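Participant: Residue numbers (the numbering used here): 1 to 424.
Certain hints may be false.
As the list claims (entries may be wrong) - Calculated pairs, DSS-like style, for lysine-lysine (alpha carbon to alpha carbon, straight line, at most 25 Å):
(1) Lys297 <-> Lys377
(2) Lys108 <-> Lys200
(3) Lys389 <-> Lys297
(4) Lys219 <-> Lys45
(5) Lys131 <-> Lys45
(6) Lys377 <-> Lys354
(7) Lys363 <-> Lys389
(8) Lys389 <-> Lys354
Stated by the list, open to error - Estimated spans, in silico, between C-beta atoms of each pair:
(9) Ser259 <-> Asp70: 28 to 34 Å
(10) Ala307 <-> Pro422: 20 to 26 Å
(11) Thr275 <-> Glu23: 17 to 23 Å
(12) Gln424 <-> Leu375: 29 to 35 Å
Calculated directly from the structure, the hints in this document are not laboratory data.
Predicted model only: the values in this text are computed from it and were never measured.
From the three backbone atoms N, C-alpha and C, an ideal C-beta is built for every residue, glycine too.
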Amino acid sequence: MSSIYILWDESHIWGLLVWRAIEAMQLPYRIVRGEEISQGLLSCKPPALLLVPGGNARLKSDALGDAGLDAVRAYVNSGGSYLGFCGGAGLGLTSADGLGLCPWGRAKFTDRMQHFVSGHIHTSIGTDISKAGHLVPDTLGDSPLVPVWWPARFAPEEGTDVEVLASYTTPGEDFWIADLPLGTLPPGTFNDWEALYDIKLRPTFLTGQPCVLSGTYGKGRYVLSYTHLETPDSPDANRWLAHIIHELTRSEACPDGLSAAHSAVPPWDLEHAPTVWNDPALVEAREIFDDIVTIGKNHCLFFQRNAWLIGWRAGIPGANLNNLYSAICSAVSSNPTEDALAYWNEISATFLEKLRLFHEGVKGYLLAERLAMTLSKTFPETVSRESLKNQRTALFGPPMASGGLYLDLLNIIDRVMYLLLPRQ
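Can you make the complete structure from the sequences, with help from the hints?
Facilitator: Structure (structure tokens):
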């Protein structure tokens with residue numbers, strides 16, 4: 001039976017979410033990398049579905065290279081199916097580094113704050129989906145509640161065969177803008193802020209924006225979604241994901257498609273994930289990250305957004321820390337494979353040496369951010385923004401990119417996770 005290929009490159013926490021969802025649904029899958037695709041994997045052993053998780057679309061494109069991008073296009077053109085979430089959706093669009101499966105592009109933000117939205121949001125099902133109506137289950141209802149995690153936006157193009165499966169309507173109860181939980185703001189707050197400070201934070205800019213698309217490319221099909229249907233414990237989203245996979249994997253070779261044994265993705269409690277791979281270096285790594293998270297929470301820089309996600313105050317590199325924390329917790333709670341053991345035994349001493357340096361640096365940086373916050377009203381220049389920026393850059397790399405010790409650690413633990421998961 002054909003299986004689902006999950007493209008691992010540059011996915012990090014979003015790849016882990018997809019992996020957990022497919023595991024929970026008991027669907028056949030394997031983890032693949034761009035290098036394998038560029039060497040002909042999709043033509044030699046075509047999958048029932050190529051699933052591309054979230055992450056940085058440009059870096060995914062780089063990992064595929066020109067040969068890999070051409071191979072994905074050829075696979076879909078010859079009848080294959082492509083499902084992309086967030087960064088994986090962006091990769092499917094038409095741009096300088098995109099696949100061009102969908103003729104639409106990515107819209108630019110008129111205000112950077114428009115990108116900093118997260119949580120569940122109600123959607124409306126498209127009314128003109130004559131070709132793709134089968135991708136929406138009858139049980140979904142008229143206003144499914146689905147999650148977004150800092151999504152980009154589609155740029156519609158007229159005169160194309162793209163069908164909008166769903167558009168945003170109103171925020172759910174757990175919806176945030178940056179580090180502001182909308183549900184806790186008193187009525188009229190946005191009006192007051194707009195009048196006093198001329199800043200528009202209300203999420204009405206999302207209303208009516210398409211969030212799930214479908215279309216054809218040659219003989220194949222694609223679904224691109226800026227909603228994360230693989231999110232744990234999100235019933236509408238998970239049910240829709242199982243249905244989309246079932247429909248996209250139907251083919252002459254597999255007329256019934258791949259059917260999920262379960263449509264629910266269970267909660268993911270990272271903090272209490274069991275220790276299965278009881279390796280001293282990995283256990284120490286987890287303890288170090290537990291300490292970093294505790295320091296951040298104790299000093300009002302981090303908060304528990306949900307069971308699998310640490311929230312962060314605006315300006316703190318929380319997304320980076322979530323990538324590392326989720327990967328280390330996942331590795332510790334997995335049974336080691338021979339390949340993972342061999343790689344870890346070779347690299348663990350280097351990893352721990354870098355991690356201990358990172359630990360000290362991040363503690364100092366977080367406490368400096370806390371001190372700057374405390375002194376911001378009375379002695380605002382005591383801890384300069386330039387000093388904080390330099391500390392952050394040394395640890396995590398420049399803004400909107402990755403570097404420093406963070407990238408070294410991420411590359412190692414990402415390789416460990418790749419070697420822990422099914423690759424055949």
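Participant: If a hint holds in the structure, say so; if it does not, say that too.
Facilitator: The hints, checked one at a time:
For the hint linking Lys297 to Lys377, the alpha-carbon distance of about 22 Å falls within 25 Å, and the restraint holds. Distance restraint check for Lys108 and Lys200: the Cα-Cα separation of roughly 17 Å lies within the 25 Å cut-off, and the hinted pair is therefore satisfied. Only pairs whose Cα atoms come within 25 Å are accepted, and Lys389 paired with Lys297 is accepted, the gap being roughly 21 Å. Between Lys219 and Lys45 the alpha-carbon distance is near 18 Å, which keeps this suggested pair within the 25 Å criterion.
Pair hint Lys131 plus Lys45 does not hold up; C-alpha atoms about 28 Å apart against a cutoff of 25 Å. For a cut-off of 25 Å, the pair hint linking Lys377 to Lys354 is broken: about 36 Å separates their Cα positions. A threshold of 25 Å between alpha carbons decides the hint, and for Lys363 with Lys389 the separation of about 15 Å falls inside it, so the pair holds. Simply put, Lys389 and Lys354 have alpha-carbon atoms about 21 Å apart, close enough for the 25 Å limit, and the pair holds.
Taken as a hint, the range 28 to 34 Å holds for the pair Ser259 and Asp70, whose Cβ atoms sit roughly 32 Å apart. In this structure the supplied range 20 to 26 Å holds for Ala307 paired with Pro422, their Cβ-Cβ distance being about 25 Å. The given range of 17 to 23 Å is respected by Thr275 and Glu23, whose C-beta atoms sit roughly 19 Å from each other. A hinted range of 29 to 35 Å is violated for the C-beta pair Gln424 and Leu375, which are about 56 Å apart.
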